[in-house]
Amino acid sequence: MPFGLLKYGLSKNYPAKHHFTPAKELKKHYDVIIIGGGGHGAAIAYNLAKYHGITNVAILEKSYLGGGNTARNTAVIRSNYLTEAGVKFYSESVKLFNNLSNEFNYNVMMENRGQLTLAHSDAAIRSFRWRAEVNQHLGVRSELVDRQTIAELVPNLNMSEDSRFPIMAGLWHADGATARHDAVAWGYAKGACDRGVELHQLTEVEDIEITNGRVTAVKTNRGRVECGSVVQAVAGASSIVAKKAGIPLPIHCYPLQAMVTQPYKPILTPHVSSPQVHVYVHQTSRGEFVIGGGSDPYPLYNTRATLDQRESLSAAALELFPFLSQARLLRQWAGTTDMTPDYSPIMGLSPVENYYLDAGWGTWGFKATPICGVTMAELVATKKVPDLIKPFELERFYRFEQVNEAGATAASH
Amino acid sequence: MKLLTCPLNGKRNISEFTYGGEYHVMPDHRTSSARDWAEHVFFHDNVAGLVTEWWCHSASSFWFLAERNTITDEVIRTFKADEIYQQRVEFTAPETEV
Numbered sequence: 000m001p002f003g004l005l006k007y008g009l010s011k012n013y014p015a016k017h018h019f020t021p022a023k024e025l026k027k028h029y030d031v032i033i034i035g036g037g038g039h040g041a042a043i044a045y046n047l048a049k050y051h052g053i054t055n056v057a058i059l060e061k062s063y064l065g066g067g068n069t070a071r072n073t074a075v076i077r078s079n080y081l082t083e084a085g086v087k088f089y090s091e092s093v094k095l096f097n098n099l100s101n102e103f104n105y106n107v108m109m110e111n112r113g114q115l116t117l118a119h120s121d122a123a124i125r126s127f128r129w130r131a132e133v134n135q136h137l138g139v140r141s142e143l144v145d146r147q148t149i150a151e152l153v154p155n156l157n158m159s160e161d162s163r164f165p166i167m168a169g170l171w172h173a174d175g176a177t178a179r180h181d182a183v184a185w186g187y188a189k190g191a192c193d194r195g196v197e198l199h200q201l202t203e204v205e206d207i208e209i210t211n212g213r214v215t216a217v218k219t220n221r222g223r224v225e226c227g228s229v230v231q232a233v234a235g236a237s238s239i240v241a242k243k244a245g246i247p248l249p250i251h252c253y254p255l256q257a258m259v260t261q262p263y264k265p266i267l268t269p270h271v272s273s274p275q276v277h278v279y280v281h282q283t284s285r286g287e288f289v290i291g292g293g294s295d296p297y298p299l300y301n302t303r304a305t306l307d308q309r310e311s312l313s314a315a316a317l318e319l320f321p322f323l324s325q326a327r328l329l330r331q332w333a334g335t336t337d338m339t340p341d342y343s344p345i346m347g348l349s350p351v352e353n354y355y356l357d358a359g360w361g362t363w364g365f366k367a368t369p370i371c372g373v374t375m376a377e378l379v380a381t382k383k384v385p386d387l388i389k390p391f392e393l394e395r396f397y398r399f400e401q402v403n404e405a406g407a408t409a410a411s412h
Numbered sequence: 000m001k002l003l004t005c006p007l008n009g010k011r012n013i014s015e016f017t018y019g020g021e022y023h024v025m026p027d028h029r030t031s032s033a034r035d036w037a038e039h040v041f042f043h044d045n046v047a048g049l050v051t052e053w054w055c056h057s058a059s060s061f062w063f064l065a066e067r068n069t070i071t072d073e074v075i076r077t078f079k080a081d082e083i084y085q086q087r088v089e090f091t092a093p094e095t096e097v
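Respectively, the protein sequence lines represent chains A and B.
Position 318, counted from 1, in the first sequence is what numbering that gives the first Met the number 0 calls 317; the numbers after and before it change by one each time, with no gaps.
Position 75, counted from 1, in the second sequence is what numbering that gives the first Met the number 0 calls 74; the numbers after and before it change by one each time, with no gaps.
Keep in mind the hints are simulated off the structure, nothing from the lab.
Hints are supplied without guarantee of correctness; some may be wrong.
As the list claims (entries may be wrong) - Non-contacting residues of chain A with respect to chain B, defined by C-beta distances greater than 12 Å in every case (computed):
(1) 12
(2) 111
(3) 160
(4) 249
(5) 301
(6) 306
Said to hold, decoys possible - Here are some, though not all, of the chain A residues that point toward chain B, as calculated from beta-carbon distances under 8 Å:
(7) 2
(8) 298
(9) 299
(10) 396
What the hints assert, rightly or not - If the Cβ cut is set under 10 Å, some of the chain A residues that face chain B in the computed set are:
(11) 142
(12) 243
(13) 245
(14) 284
(15) 304
(16) 307
(17) 309
(18) 313
(19) 337
(20) 339
(21) 397
(22) 403
(23) 405
By construction, the Cβ of each residue, glycine as well, lies at the ideal position given by its N, Cα and C atoms.
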């Protein structure tokens, strides 16, 4: 009897539980200020509060929780990268993702569906073999698979040899997964707020005060706040915020476009990606086909959707899955990616002593959310850079020691 | 389809062009430190607003400059590089013993 549910809704014995603390005045001082209330910012706050006992923390978000690139990414979780630094980092993240719902006691809808990357050339097969070897050596489930295995894994994939780029082989990554991106940000923020962290939405950082090489306070549209240290986690606006602290970054912002169809019955289980035709496709648990991977050809701070990208993404998706030709598009959108010269993030120390960077998240930000929270919180709490993120420090560009991550989605574009 | 005006070839489809990076004053390669050179090569202003940047018309390999608004995606104007560069840059490095 559905009306029976009403008694819970109307009864005072079952009050509605709020996920987050309601808005209140900013305090005069916080031990840690986190600029940016996305998945990363919330994850850092969560880890500071839960594992380091640092709870006098404020997350300052200019818009609303998880409303930026946390909401705009296509929720792909994988660790089949190419560099040792990258594979180690992302595989830790995948492990944390697998336990995230238990960690929060909150369902993030994690689904271990596997990921298949397609090779359409001999060169791609060579690089996949390389990636598979590196991955297996570091304990990541990743293997080169032939056409027959691909046809078994994805029965509705176009395996025709008459297509423009016939499929020759694939890189099968059994650890590949997806999760609800909003729930990840909500879970972290809820856990942080339950432990005393303050989430301040509609609070924009306008200026950052630095005295003798240390951050002392930030000026916001709601007043000035003093702080012990600052973490910036504002992918898509990293250069703009870092500039307020006087820190130049090796980042160009490009829009990355994606689109989604109406919901259909479940027919596609794994996530399928093709670096050759520049597209990746998966079907969400709601039934929508997510079609992504269209990076704009020049930098822009604008999340508009273009007809050019709709055309090229559709053409590529239809080459792989011709049955989608009758599917109707529901919406198309863009997120702003922080593209770095080596396709790796910029994490850790900055030239300002107590100002920490969590930036340079191009097409690899969502999948790094849990490990970012763990490592950045450890850095802020102990002032020691964890080994896992040492290779990603900003200083690497001055030493010509880039982490060339050719396994990044955008690196193939 | 978006059009871009090439100072040599006139209005062309933007798919004929390649973006070539921000315009920066190059440090003197004979005197700059490795640090300054790294900053020149890898770091970007990445401004939200009006920028000056390099573009190339791929079909004719013609390089030129453009002023563009990175928020509205409007190209303000395009112009030939000789508006800025009057002199040839020589890349002869001082001889060093190996």
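Hint-by-hint comparison with the structure:
Interface exclusion of residue 12 of chain A from chain B stands, the closest Cβ pair being 51 Å apart, more than 12 Å. In this structure residue 111 of chain A is separated from chain B by more than 12 Å, as the shortest Cβ-Cβ distance comes to about 36 Å. Every CB of chain B lies more than 12 Å from the CB of residue 160 of chain A, the least distance being 29 Å, so the non-interface label holds. For residue 249 of chain A, the condition that its CB be more than 12 Å from all CB atoms of chain B is violated, with the nearest at approximately 4 Å.
Remark: the non-interface label on residue 301 of chain A conflicts with the geometry, its nearest Cβ contact in chain B lying 6 Å away (cut-off 12 Å). Listed as a non-interface residue, residue 306 of chain A fails to keep its Cβ farther than 12 Å from every Cβ of chain B; the least gap is roughly 8 Å. Of the supplied interface hints, the one on residue 2 of chain A is violated, with its beta-carbon coming no nearer than about 52 Å to a beta-carbon of chain B, more than 8 Å. Interface restraint check: residue 298 of chain A against chain B, minimum CB-CB distance 6 Å, threshold 8 Å, status holds.
The restraint placing residue 299 of chain A at the interface with chain B holds, with a minimum CB-CB distance near 5 Å, inside the 8 Å limit. Given the 8 Å rule on beta carbons, the hint for residue 396 of chain A holds: about 5 Å separates it from the nearest Cβ of chain B. Interface restraint check for residue 142 of chain A: the shortest CB-CB distance to chain B comes to about 35 Å, outside 10 Å, so the restraint is violated. Nearest Cβ of chain B to the Cβ of residue 243 of chain A: about 13 Å, over the 10 Å cut. The hint is violated.
This hint is violated: residue 245 of chain A has a C-beta 13 Å from the nearest C-beta of chain B, more than the 10 Å allowed. Look at residue 284 of chain A: its Cβ only gets to about 35 Å from chain B, farther than 10 Å, so that hint breaks. A distance limit of 10 Å between C-beta atoms decides the matter here; for residue 304 of chain A the minimum to chain B is near 12 Å, and the interface restraint is violated. At a threshold of 10 Å, the smallest CB-CB gap from residue 307 of chain A to chain B is about 7 Å, leaving the interface hint in force.
The restraint placing residue 309 of chain A at the interface with chain B is violated, with a minimum CB-CB distance near 13 Å, outside the 10 Å limit. Of the supplied interface hints, the one on residue 313 of chain A is violated, with its beta-carbon coming no nearer than about 16 Å to a beta-carbon of chain B, more than 10 Å. Hint status for residue 337 of chain A relative to chain B: holds, with the closest Cβ pair at about 9 Å, below 10 Å. For residue 339 of chain A, the suggested interface contact is upheld, since its CB lies about 9 Å from the closest CB of chain B, less than 10 Å.
Checking residue 397 of chain A against chain B by beta carbon gives a least distance of about 5 Å; that is within 10 Å, so the hint holds. For residue 403 of chain A, the suggested interface contact is broken, since its CB lies about 13 Å from the closest CB of chain B, more than 10 Å. The criterion of a C-beta within 10 Å of any C-beta in chain B is not met by residue 405 of chain A, whose closest approach is roughly 18 Å, and the hint is violated.
In summary, the structure is inconsistent with hints 4, 5, 6, 7, 11, 12, 13, 14, 15, 17, 18, 22, 23 from the numbered list given earlier, while agreeing with the others.
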